[in-house]
Amino acid sequence: AQTVTQSQPEMSVQEAETVTLSCTYDTSENNYYLFWYKQPPSRQMILVIRQEAYKQQNATENRFSVNFQKAAKSFSLKISDSQLGDTAMYFCALSEGGGADGLTFGKGTHLIIQP
Amino acid sequence: NAGVTQTPKFRVLKTGQSMTLLCAQDMNHEYMYWYRQDPGMGLRLIHYSVGEGTTAKGEVPDGYNVSRLKKQNFLLGLESAAPSQTSVYFCASSYLNRNQPQHFGDGTRLSIL
Numbered sequence: 001a002q003t004v005t006q007s008q009p010e011m012s013v014q015e016a017e018t019v020t021l022s023c024t025y026d027t028s029e030n031n032y033y034l035f036w037y038k039q040p041p042s043r044q045m046i047l048v049i050r051q052e053a054y055k056q057q058n059a060t061e062n063r064f065s066v067n068f069q070k071a072a073k074s075f076s077l078k079i080s081d082s083q084l085g086d087t088a089m090y091f092c093a094l095s096e097g098g099g100a101d102g103l104t105f106g107k108g109t110h111l112i113i114q115p
Numbered sequence: 001n002a003g004v005t006q007t008p009k010f011r012v013l014k015t016g017q018s019m020t021l022l023c024a025q026d027m028n029h030e031y032m033y034w035y036r037q038d039p040g041m042g043l044r045l046i047h048y049s050v051g052e053g054t055t056a057k058g059e060v061p062d063g064y065n066v067s068r069l070k071k072q073n074f075l076l077g078l079e080s081a082a083p084s085q086t087s088v089y090f091c092a093s094s095y096l097n098r099n100q101p102q103h104f105g106d107g108t109r110l111s112i113l
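As they're listed, the protein sequences go chains F and L. In this text, residue positions in the first sequence follow our numbering: the first is 1, and each later residue adds one. In this text, residue positions in the second sequence follow our numbering: the first is 1, and each later residue adds one.
Among these hints, one or two may not hold up.
[As the list claims (entries may be wrong)] In the DSS-like style, the derived pairs of lysine-lysine whose C-alpha atoms are separated by at most 27 Å in a straight line are:
| no. | chain 1 | residue 1 | chain 2 | residue 2 |
| --- | --- | --- | --- | --- |
| 1 | L | LYS57 | L | LYS70 |
| 2 | L | LYS9 | F | LYS107 |
| 3 | L | LYS14 | L | LYS57 |
| 4 | L | LYS14 | L | LYS71 |
| 5 | L | LYS57 | F | LYS107 |
| 6 | F | LYS78 | F | LYS55 |
Hints were generated in silico from the structure; no laboratory data involved.
Only chain F is shown next, with the shape it has when bound in the complex (with noise of 0.2 Å):
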């Protein structure tokens, strides 16, 4: 069975700095995907960036990144110049399979940016 494991369970940065959570993950398969979701105070589940497990290049979306290391089957993002509104919960996920049977989460970190 597939499982994602983050291991910072909190981390907490000063506004304007740079910083990564971690997250490996485990599968047999070799076609799969992987997201980062963010959930602010609201509960919303925003979906940050993804990646698809056969691309080579890192995902970027504006200050966020990623870290893709497919043998080593981790799966870190970082996020530079870090903003007051980037304090929530950041979940690490993987999609595998067909895909239709579900994302498998991590237990999340909670990022908090100090001002």
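With chain F's structure known, arrange chain L on it following the hints.
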């Protein structure tokens, strides 16, 4: 754009009562999902559906039933509510192509006393 709408947003039940959570999406998505979120546990898949009239079990299906009679709606039922089912429930939907991300509703906070 409504996206994914969950009804109700909050509910308190007594042990043994039954209820149905409604999820509606207006994006013509084929796939729909129900997750539960517990403190420190992330989201876990309860049931899912790959199309109208089809349902399948996820990671934690016990105590729940689902139905998808219409493509746009996915219902989650609690037959006999138990305190262990106190949680925040999220519905999500996505297109047939697995490359597409899931879109989530705002969640339903359910407390079982």
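Hint by hint, here is what the structure shows:
no., hint, verdict
1, L:LYS57 <-> L:LYS70, "18 Å, holds"
2, L:LYS9 <-> F:LYS107, "23 Å, holds"
3, L:LYS14 <-> L:LYS57, "25 Å, holds"
4, L:LYS14 <-> L:LYS71, "31 Å, violated"
5, L:LYS57 <-> F:LYS107, "21 Å, holds"
6, F:LYS78 <-> F:LYS55, "18 Å, holds"
Of the numbered hints stated above, the single one contradicted by the structure is hint 4.
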